[in-house]
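*Asks:* Okay, here's what each chain looks like letter by letter:
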Amino acid sequence: MVADARAIIAGLGGAENIIEIEPCVTRLRTEVRDASRVDQRALRAAGAHGVMAAGNVVQVIVGPQADVIASDIEDLIG
Amino acid sequence: MTTVLAPVDGAVVPLSAVPDPVFSQAMVGPGAAIDPPRRPGRALAPIAGRLVKLHPHAYVVVGGDGRGVLVHLGIDTVQLKGAGFELLATEGEMVRAGQPVVAWDPGMVEAGGRSPLCPVVALDATSGAVGPVAEGEVRAGDELFQWTETGPDRSRDV
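If you read the sequences in order, they're chains A and B. Take the first sequence: its letters are residues 594 to 671, numbered as in this note's numbering. Take the second sequence: its letters are residues 92 to 249, numbered as in this note's numbering.
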């Protein structure tokens, strides 16, 4: 099963909190407006193997399906 | 059992030595890393199978049994946006174990301030599924480690 795109959006604080999302091989690199709205536990529950946050840059480790998940997220948040 | 080949020449180091928590904490799976010589070289397919992901700085080969092996060429090299990397294969194609996939220069990666270490990861394998791992110096195409456990671990979603 692939990590749940909708749940990842919610864990990142919702679509309006996401400035940018970029897939790497193993992770989603995201930039958020308000890092305090990121819920790491929710992201893990959504299927993330790990979460690394530094300032407003949040990396969600989702494995090699990162590009598929990123494109699902982009479809959902437009 | 899957024999995973060293994709590059160099000294075998533990994943825990890789300066990126995704690899050092084995978030995407266990494996080993190689510290390559700082000269231009070619990175090879670690197993036979389909080249399901091909980025300039990283690739994944999935074998017939569904096991995927990730090779990452240097750390934070996604930031190079492909500069200094030349693709020698096409995403989606079937590759032989040991087939050249990417030409690159670890010396250039290091000169740019990034680690040229190459993690080789048994994707979503359990921590005990990898071993024994080669020690010391390996040549590209040598055995790096055995992936011993049968079947992928379904407890971690890919």
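In short, the hints are calculated from the structure, not lab data. One or more of the hints may lead you astray.
Distance windows between CB atoms, simulated [unchecked claim]: (1) A647(A) with A174(B): 39 to 49 Å; (2) G671(A) with T94(B): 26 to 36 Å; (3) R133(B) with R626(A): 39 to 49 Å.
Coverage of chain B stretches by chain A, computed from C-beta distances (three or more under 8 Å per stretch; other residues unrestricted) [as the list claims (entries may be wrong)]: (4) 122 to 129; (5) 156 to 163.
Where is the CB? At the ideal position from N, CA and C, for every residue including glycine.
*Asks:* State for each hint whether it applies.
*Replies:* We went through each hint and held it up to the structure:
no.: 1; hint: A647(A) with A174(B): 39 to 49 Å; result: 24 Å, violated
no.: 2; hint: G671(A) with T94(B): 26 to 36 Å; result: 46 Å, violated
no.: 3; hint: R133(B) with R626(A): 39 to 49 Å; result: 43 Å, holds
no.: 4; hint: 122 to 129; result: violated (count 0)
no.: 5; hint: 156 to 163; result: holds (count 3)
Of the numbered hints given earlier, the model fails hints 1, 2 and 4; all others are met.
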